[in-house]
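> Chain by chain, the residues:
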Amino acid sequence: MAAHTALAGQLGVSEELLDALYHIDTHRHLFTARELVALRFAEIMTTSARDIDEELWDELQSHFDDGEIVELAMVIGLFNCFNRFADALHIEPPTRSRSKEEAQRGSGSGERKDTEAYGYERGATEGPDQGPV
Amino acid sequence: MSRIPPVEDSNFWPAGAEGESHQHQTQAFATMQELFRVMAHRPEVARQTMQLLQTVMRSGSVEPRLKELLAIRVSQVNYCHY
Numbered sequence: 001m002a003a004h005t006a007l008a009g010q011l012g013v014s015e016e017l018l019d020a021l022y023h024i025d026t027h028r029h030l031f032t033a034r035e036l037v038a039l040r041f042a043e044i045m046t047t048s049a050r051d052i053d054e055e056l057w058d059e060l061q062s063h064f065d066d067g068e069i070v071e072l073a074m075v076i077g078l079f080n081c082f083n084r085f086a087d088a089l090h091i092e093p094p095t096r097s098r099s100k101e102e103a104q105r106g107s108g109s110g111e112r113k114d115t116e117a118y119g120y121e122r123g124a125t126e127g128p129d130q131g132p133v
Numbered sequence: 001m002s003r004i005p006p007v008e009d010s011n012f013w014p015a016g017a018e019g020e021s022h023q024h025q026t027q028a029f030a031t032m033q034e035l036f037r038v039m040a041h042r043p044e045v046a047r048q049t050m051q052l053l054q055t056v057m058r059s060g061s062v063e064p065r066l067k068e069l070l071a072i073r074v075s076q077v078n079y080c081h082y
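Protein chains in written order, with the UniProt record's numbering: chain R, 1 to 133; chain X, 1 to 82.
In short, the hints are calculated from the structure, not lab data.
For each residue, glycine too, the CB sits at the ideal point set by N, CA and C.
Be a bit skeptical, because a hint or two may be false.
Distance ranges between label pairs, derived from CB positions [claimed, not checked]: (1) X:42 to R:29: 40 to 46 Å; (2) R:87 to X:45: 14 to 20 Å; (3) X:44 to R:19: 37 to 43 Å; (4) X:8 to R:62: 46 to 52 Å.
Work the whole structure out from these sequences, hints included.
As structure tokens, then:
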């Protein structure tokens with residue numbers, strides 16, 4: 001668990017749902033048919049993308065149009081990219097004290113809205129150094 | 001520690017956007033933050049990657065909840081081989 005659940009809190013995906021994702025087969029009732037197909041697509045695209053067979057493809061197409069499948073594939077691809085990047089470069093969460101400092105710093109920017117969740121950026125050169133890591 | 005030191009005076013990830021602070025989610029946020037700090041050695045790459053992330057997650061007609069589920073599931077599959 002690390003960079004992967006990073007986005008979960010932003011839209012209010014509950015902890016129950018996070019756990020259910022680990023055991024989808026026994027928690028199918030928590031997901032719609034549409035979600036279940038997309039999740040299977042995500043699993044296979046992540047582990048062996050060439051093995052997405054016609055059966056799964058047909059199922060996918062019965063729930064999503066072409067543009068939506070592009071959306072799904074981009075989410076899946078992008079997070080695979082983040083996972084690889086983090087693994088190869090040994091990216092780990094910073095020390096607790098620094099995280100806290102940043103949480104405080106961030107809280108000065110006003111109320112959080114979900115619409116801001118991915119659009120927030122302070123630029124690469126703003127602000128003073130935050131001291132030793 | 002990351003193999004490449006994070007750029008300390010950068011912040012492309014929303015530091016104040018942690019929401020409910022379930023322990024693992026908080027840590028996950030910190031990791032994503034760190035990832036973008038490392039990427040910030042090339043600020044334009046980091047900026048445009050964040051922009052892409054935003055576009056991918058927020059635009060289109062697939063419901064955001066499903067996209068969140070997919071993002072989480074991909075990472076689960078990558079880190080827990082089962």
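> Taking the hints in turn, state whether each one holds.
Status of the hints after comparison with the structure:
1. X:42 to R:29: 40 to 46 Å: The hinted range 40 to 46 Å holds for residue 42 (chain X) and residue 29 (chain R), with Cβ atoms some 45 Å apart.
2. R:87 to X:45: 14 to 20 Å: Since residue 87 (chain R) and residue 45 (chain X) have Cβ atoms about 18 Å apart, the given range 14 to 20 Å holds.
3. X:44 to R:19: 37 to 43 Å: For residue 44 (chain X) and residue 19 (chain R) the Cβ distance comes to about 38 Å; the hint holds.
4. X:8 to R:62: 46 to 52 Å: 49 Å, holds
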